[in-house]
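J.: Between the sequences and the hints, there should be enough to build the whole structure, so can you do that?
Each chain, letter by letter, is given below.
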Amino acid sequence: RKEVEQDPGPFNVPEGATVAFNCTYSNSASQSFFWYRQDCRKEPKLLMSVYSSGNEDGRFTAQLNRASQYISLLIRDSKLSDSATYLCVVLPSGGYNKLIFGAGTRLAVHP
Amino acid sequence: EPEVTQTPSHQVTQMGQEVILRCVPISNHLYFYWYRQILGQKVEFLVSFYNNEISEKSEIFDDQFSVERPDGSNFTLKIRSTKLEDSAMYFCASSEGGHEQFFGPGTRLTVL
Numbered sequence: 001r002k003e004v005e006q007d008p009g010p011f012n013v014p015e016g017a018t019v020a021f022n023c024t025y026s027n028s029a030s031q032s033f034f035w036y037r038q039d040c041r042k043e044p045k046l047l048m049s050v051y052s053s054g055n056e057d058g059r060f061t062a063q064l065n066r067a068s069q070y071i072s073l074l075i076r077d078s079k080l081s082d083s084a085t086y087l088c089v090v091l092p093s094g095g096y097n098k099l100i101f102g103a104g105t106r107l108a109v110h111p
Numbered sequence: 112e113p114e115v116t117q118t119p120s121h122q123v124t125q126m127g128q129e130v131i132l133r134c135v136p137i138s139n140h141l142y143f144y145w146y147r148q149i150l151g152q153k154v155e156f157l158v159s160f161y162n163n164e165i166s167e168k169s170e171i172f173d174d175q176f177s178v179e180r181p182d183g184s185n186f187t188l189k190i191r192s193t194k195l196e197d198s199a200m201y202f203c204a205s206s207e208g209g210h211e212q213f214f215g216p217g218t219r220l221t222v223l
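Which chain is which? The protein sequence lines are A and B, in order. Under the numbering used here, think of the first position of the first sequence as 1, with each following residue one higher. Under the numbering used here, think of the first position of the second sequence as 112, with each following residue one higher.
Simulated from the structure, these hints should not be mistaken for laboratory data. Just so it is clear, CB atoms sit at the ideal spot from N, CA and C, and this is done for glycine as well. One or more hints might be untrue.
[Stated by the list, open to error] List time: in silico BS3-like cross-link candidates among lysine-lysine, alpha-carbon distance up to 25 angstroms:
| no. | chain 1 | residue 1 | chain 2 | residue 2 |
| --- | --- | --- | --- | --- |
| 1 | A | K42 | B | K189 |
| 2 | B | K194 | B | K168 |
| 3 | A | K42 | B | K194 |
| 4 | B | K153 | A | K2 |
| 5 | B | K153 | B | K189 |
| 6 | B | K153 | A | K45 |
| 7 | A | K98 | A | K42 |
| 8 | A | K98 | B | K189 |
| 9 | B | K168 | A | K2 |
| 10 | A | K2 | A | K45 |
| 11 | A | K42 | B | K168 |
| 12 | B | K168 | A | K45 |
| 13 | A | K98 | B | K153 |
| 14 | B | K189 | B | K168 |
| 15 | B | K168 | A | K98 |
| 16 | B | K153 | A | K42 |
[What the hints assert, rightly or not] FRET-style restraints, in silico, Cβ to Cβ:
| no. | chain 1 | residue 1 | chain 2 | residue 2 | range |
| --- | --- | --- | --- | --- | --- |
| 17 | A | A17 | B | E207 | 30 to 38 angstroms |
| 18 | A | S68 | B | G127 | 45 to 53 angstroms |
| 19 | B | H210 | A | S26 | 13 to 21 angstroms |
| 20 | B | S192 | A | P14 | 48 to 56 angstroms |
| 21 | A | A17 | B | D173 | 39 to 47 angstroms |
| 22 | A | S81 | B | R191 | 36 to 44 angstroms |
| 23 | A | N12 | B | S177 | 40 to 48 angstroms |
| 24 | B | D174 | A | G9 | 37 to 45 angstroms |
| 25 | B | V123 | A | Q69 | 36 to 44 angstroms |
| 26 | B | K194 | A | E5 | 28 to 36 angstroms |
| 27 | B | P119 | A | S26 | 30 to 38 angstroms |
| 28 | A | C40 | B | L195 | 18 to 26 angstroms |
| 29 | A | A17 | B | S166 | 41 to 49 angstroms |
T.: The structure is reproduced here in structure tokens:
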């Protein structure tokens with residue numbers, strides 16, 4: 001089983017749509033979780049950390065379910081500029097801040 | 112806003128040659144990392160560095176790789192004898208000590 005698993009997509013949605021991405025992780029002892037976004041041939045950029053209580057940043061909402069080892073990202077009112085690959089990232093326990101990346105989910109927002 | 116910088120943006124080299132990739136982490140950060148991303152694949156951890164020593168390294172980071180912090184600002188990754196399969200995007204990242212890591216724009220390494 002992959003350490004971090006994501007649906008590769010692509011998700012093709014119109015502007016204004018709501019889209020949700022899911023991610024599962026295999027190590028139940030993982031301690032921190034993040035969503036990064038990556039534009040084509042660019043660096044990963046931190047979008048948000050994911051907390052057990054769930055957190056929201058503007059149009060973006062992240063949820064964590066430790067029991068199911070499941071992380072989600074919801075994007076409301078999609079913009080053209082949201083088109084990117086969204087990376088689910090996990091910090092395993094016992095490591096020295098080594099991040100484990102999923103392969104990413106591609107989002108294409110069209111007019 | 113402070114950011115991680117990397118040079119060069121693109122490096123082309125012949126197989127068997129040595130390359131040095133350079134990074135300037137965010138100034139108050141204490142933890143430094145190298146990751147790589149082969150085209151079309153996921154980002155992979157190579158090495159983490161703290162307090163002037165390697166704190167963790169992956170299986171990829173074999174004897175051909177080394178890291179150094181030669182002064183108070185630079186952080187380098189050296190590949191001694193490049194192979195074709197070393198062709199990838201190499202990202203430097205830094206962290207203040209919490210779990211959030213911030214990435215530089217990357218160096219695209221092409222080995223011919």
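J.: Take the hints in turn and mark each one as holding or not.
T.: These are the hints, each one checked on the structure:
1. A:K42 - B:K189: Between K42 (chain A) and K189 (chain B) the Cα gap is close to 22 angstroms, so the pair holds against 25 angstroms.
2. B:K194 - B:K168: holds (19 angstroms)
3. A:K42 - B:K194: Answer holds: K42 (chain A) to K194 (chain B) is near 23 angstroms, not above 25 angstroms.
4. B:K153 - A:K2: holds (12 angstroms)
5. B:K153 - B:K189: holds (22 angstroms)
6. B:K153 - A:K45: Since the Cα atoms of K153 (chain B) and K45 (chain A) sit roughly 14 angstroms apart, the hinted pair holds (cutoff 25 angstroms).
7. A:K98 - A:K42: holds (20 angstroms)
8. A:K98 - B:K189: Roughly 20 angstroms between the alpha carbons, so the hint for K98 (chain A) and K189 (chain B) holds.
9. B:K168 - A:K2: Judged against 25 angstroms, a Cα distance of about 19 angstroms means the pair holds.
10. A:K2 - A:K45: Given pair K2 (chain A), K45 (chain A) holds - Cα atoms ~22 angstroms apart, limit 25 angstroms.
11. A:K42 - B:K168: holds (23 angstroms)
12. B:K168 - A:K45: holds (22 angstroms)
13. A:K98 - B:K153: Roughly 14 angstroms separates the two Cα atoms, so the pair holds.
14. B:K189 - B:K168: holds (14 angstroms)
15. B:K168 - A:K98: Distance ~9 angstroms between K168 (chain B) and K98 (chain A) Cα, so the pair holds.
16. B:K153 - A:K42: The given pair, whose Cα atoms are some 13 angstroms apart, holds under the 25 angstroms limit.
17. A:A17 - B:E207: 30 to 38 angstroms: holds (36 angstroms)
18. A:S68 - B:G127: 45 to 53 angstroms: Taking Cβ atoms as reference, S68 (chain A) and G127 (chain B) lie about 49 angstroms apart, which means the hint holds.
19. B:H210 - A:S26: 13 to 21 angstroms: For H210 (chain B) and S26 (chain A) the Cβ distance comes to about 19 angstroms; the hint holds.
20. B:S192 - A:P14: 48 to 56 angstroms: About 51 angstroms separates the Cβ atoms of S192 (chain B) and P14 (chain A), which means 48 to 56 angstroms holds.
21. A:A17 - B:D173: 39 to 47 angstroms: holds (46 angstroms)
22. A:S81 - B:R191: 36 to 44 angstroms: Since the Cβ atoms of S81 (chain A) and R191 (chain B) sit about 41 angstroms apart, the hinted range of 36 to 44 angstroms holds.
23. A:N12 - B:S177: 40 to 48 angstroms: holds (44 angstroms)
24. B:D174 - A:G9: 37 to 45 angstroms: Between D174 (chain B) and G9 (chain A), where Cβ atoms are some 38 angstroms apart, the hint holds.
25. B:V123 - A:Q69: 36 to 44 angstroms: holds (42 angstroms)
26. B:K194 - A:E5: 28 to 36 angstroms: holds (29 angstroms)
27. B:P119 - A:S26: 30 to 38 angstroms: holds (37 angstroms)
28. A:C40 - B:L195: 18 to 26 angstroms: holds (23 angstroms)
29. A:A17 - B:S166: 41 to 49 angstroms: With Cβ atoms ~43 angstroms apart, the hint holds.
Of the numbered hints listed earlier, not one is contradicted by the structure.
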